[in-house]
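K.L.:
For reference, the chains in residue letters:
Number of protein chains: 2
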Amino acid sequence: MAQDTKVNGVNVDQLLSTIELIKEKPELAQFKFRATNKWIDGTYNRATVKDFYGAGQEDTTRDPVVFEIDEPPVLCGNNRGANPVEYLLVALSGCLTTSLIAHSAARGIDIKGVESRYEGDLDLRGFLGISKDVPVEYQAIRIYFKIDADVSEDKKEELIKMAKKYSPVFNSIAKPISVSVGLDKTGTPLSKPAAA
Amino acid sequence: MAQDTKVNGVNVDQLLSTIELIKEKPELAQFKFRATNKWIDGTYNRATVKDFYGAGQEDTTRDPVVFEIDEPPVLCGNNRGANPVEYLLVALSGCLTTSLIAHSAARGIDIKGVESRYEGDLDLRGFLGISKDVPVEYQAIRIYFKIDADVSEDKKEELIKMAKKYSPVFNSIAKPISVSVGLDKTGTPLSKPAAA
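Those protein sequences? They're chains A and B, same order as listed. Just remember that this note's numbering sits 1377 ahead of the position in the first sequence, which is counted from 1. Just remember that this note's numbering sits 1377 ahead of the position in the second sequence, which is counted from 1.
Think of the hints as simulated: they come from the structure by calculation, not from any bench. Careful: at least some of the hints might be erroneous.
Which copy? The list can't say, so a pair holds if one copy fits it or any two copies do.
Unchecked claim - Once the Cα atoms are required to be at most 30 Å apart in a straight line, the calculated DSSO-like pairs of lysine-lysine come out as:
| id | residue 1 | residue 2 |
| --- | --- | --- |
| 1 | 1400 | 1415 |
| 2 | 1383 | 1552 |
| 3 | 1383 | 1409 |
| 4 | 1489 | 1415 |
| 5 | 1427 | 1402 |
| 6 | 1402 | 1562 |
| 7 | 1489 | 1532 |
| 8 | 1541 | 1409 |
| 9 | 1427 | 1533 |
| 10 | 1533 | 1415 |
| 11 | 1489 | 1562 |
| 12 | 1383 | 1415 |
| 13 | 1415 | 1402 |
| 14 | 1538 | 1552 |
| 15 | 1383 | 1538 |
| 16 | 1402 | 1489 |
| 17 | 1542 | 1562 |
| 18 | 1402 | 1532 |
| 19 | 1427 | 1400 |
Only a predicted model underlies this, so the values are computations on that prediction, with no experimental measurement involved.
Okay, chain A solo, but in the shape it has when bound:
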């Protein structure tokens, strides 16, 4: 049996056959990703990621991944985890990196190393409700990539443009998204008392 072709550690045969399969059956491209959150105390809460729907079926095979979320002391927390706006940068970092690597792999571009750094500007007057003129959201996010590959600087700039173009998280942040929030009407009670 021939071994699968890997570029940048990505199984390109699997990637290309997935693309061909989805062209034939677009319903296989519909994914639903999920998370749950449970408040613990003050600015401390815990999120869990486990199941998702994709490729035509529920996937319940993964072990749960648990995330501790808190604020630093200057924001009334105890550093029991990174804070929510930092998690947003983590999401962005993972997505741009994977997008760059996978799309380079699909084009046969060998990447030796990728590192990136992220900085977002937040004016706390928005969150605190001190001024209506101050945005609540990040005012700007700046990202800097280092790419080790035997290609020109111009080509590296192209790879970055490609990473942006195909990154779901980048586009979810750069563009407006429909986010609905409401009360859970399923009637089931909370799992157990949350407050310490």
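With chain A held as given, fit chain B onto it using these hints.
P.N.:
This is chain B only, laid out in the frame that chain A set:
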């Protein structure tokens, strides 16, 4: 010395005095949050959160928090971590929860428990570049809250609206944000070879 007043585990005295201080010195409200990312192999990469700037100074006191990011096998990965679009839901969950808790605390509303669940719809044809008519980003995110508190259902709906209004991550996703991505021109090399 009188003990600080806590509501929902939030030090309300600290919260209110922070608000008063920032009204006098708005520059203290300027925060910069950061993350770094290093590609490891294929769809597997690692993000680190540590320092931030806020309240007029650099904070370098935190220990680094490290996040493993990967895709499930159906998306060419090995489940070595949650995937980037799941991290986005984690960020959203932490921010809406903290916003609900903190703003309830500031208003003296006692919350006994909060749980929430998140589901986002992603059509993989966007990421794969199969169809230009399919958005790359989440098409919609739905969120459901359970709140245990001695208030009416209407009041709970109000708390949810309040949580949305003041949540930096909710507003960063629901609204378009300026995200710039470019090559790192600082000239320092990558920290070490990344690919396995």
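K.L.:
For the identical chains here, do residue 1383 and residue 1415 meet the 30 Å Cα criterion within one copy, between copies, both, or neither?
P.N.:
Classified as between; 20 Å across copies, 40 Å inside a copy.
K.L.:
Given a CA cutoff of 30 Å, do residue 1402 and residue 1562 count as a within-copy pair, a between-copy pair, both, or neither?
P.N.:
For residue 1402 and residue 1562, the Cα distance exceeds 30 Å both inside one copy (34 Å) and across copies (43 Å).
K.L.:
For residue 1542 and residue 1562, with the copy left unspecified, which applies at a CA distance of at most 30 Å: within, between, both, or neither?
P.N.:
between (37 Å within a copy, 22 Å between copies)
K.L.:
Could you figure out if residue 1489 and residue 1415 sit no more than 30 Å apart (CA to CA) within one copy, between two copies, both or neither?
P.N.:
Between copies, since 12 Å is at most 30 Å while 40 Å is not.
K.L.:
Within a copy, between copies, both or neither: which one fits residue 1533 and residue 1415 at a CA-CA cutoff of 30 Å?
P.N.:
between (42 Å within a copy, 16 Å between copies)
K.L.:
How would you label the pair residue 1427, residue 1533 (within, between, both, or neither) given a Cα cut-off of 30 Å?
P.N.:
between (35 Å within a copy, 27 Å between copies)
K.L.:
Indicate which option fits the pair residue 1383, residue 1409 if close means a Cα-Cα distance not exceeding 30 Å: within, between, both or neither.
P.N.:
within (27 Å within a copy, 38 Å between copies)
K.L.:
Within, between, both or neither: how does the pair residue 1415, residue 1402 come out at a Cα-Cα threshold of 30 Å?
P.N.:
Neither, since 37 Å and 34 Å both go past 30 Å.
K.L.:
What label fits residue 1383 with residue 1538 when the C-alpha limit is 30 Å: within, between, both, or neither?
P.N.:
within (23 Å within a copy, 48 Å between copies)
K.L.:
At most 30 Å between CA atoms: does that hold for residue 1489 and residue 1532 within a copy, between copies, both, or neither?
P.N.:
Only inside one copy: residue 1489 and residue 1532 sit 14 Å apart there, 55 Å across copies, limit 30 Å.
K.L.:
Could you place residue 1541 and residue 1409 in one of the four classes (within, between, both, neither) given a Cα distance threshold of 30 Å?
P.N.:
Answer is both; intra-copy 21 Å and inter-copy 22 Å each pass.
K.L.:
First find the shortest C-alpha distance between residue 1400 and residue 1415 inside one copy, then the shortest across copies, and answer within, between, both or neither for a cut-off of 30 Å.
P.N.:
Neither: 39 Å inside a chain and 32 Å across chains, both beyond 30 Å.
Violated hints for the displayed structure, listed by number in ascending order: 1, 2, 6, 13, 16 and 18.
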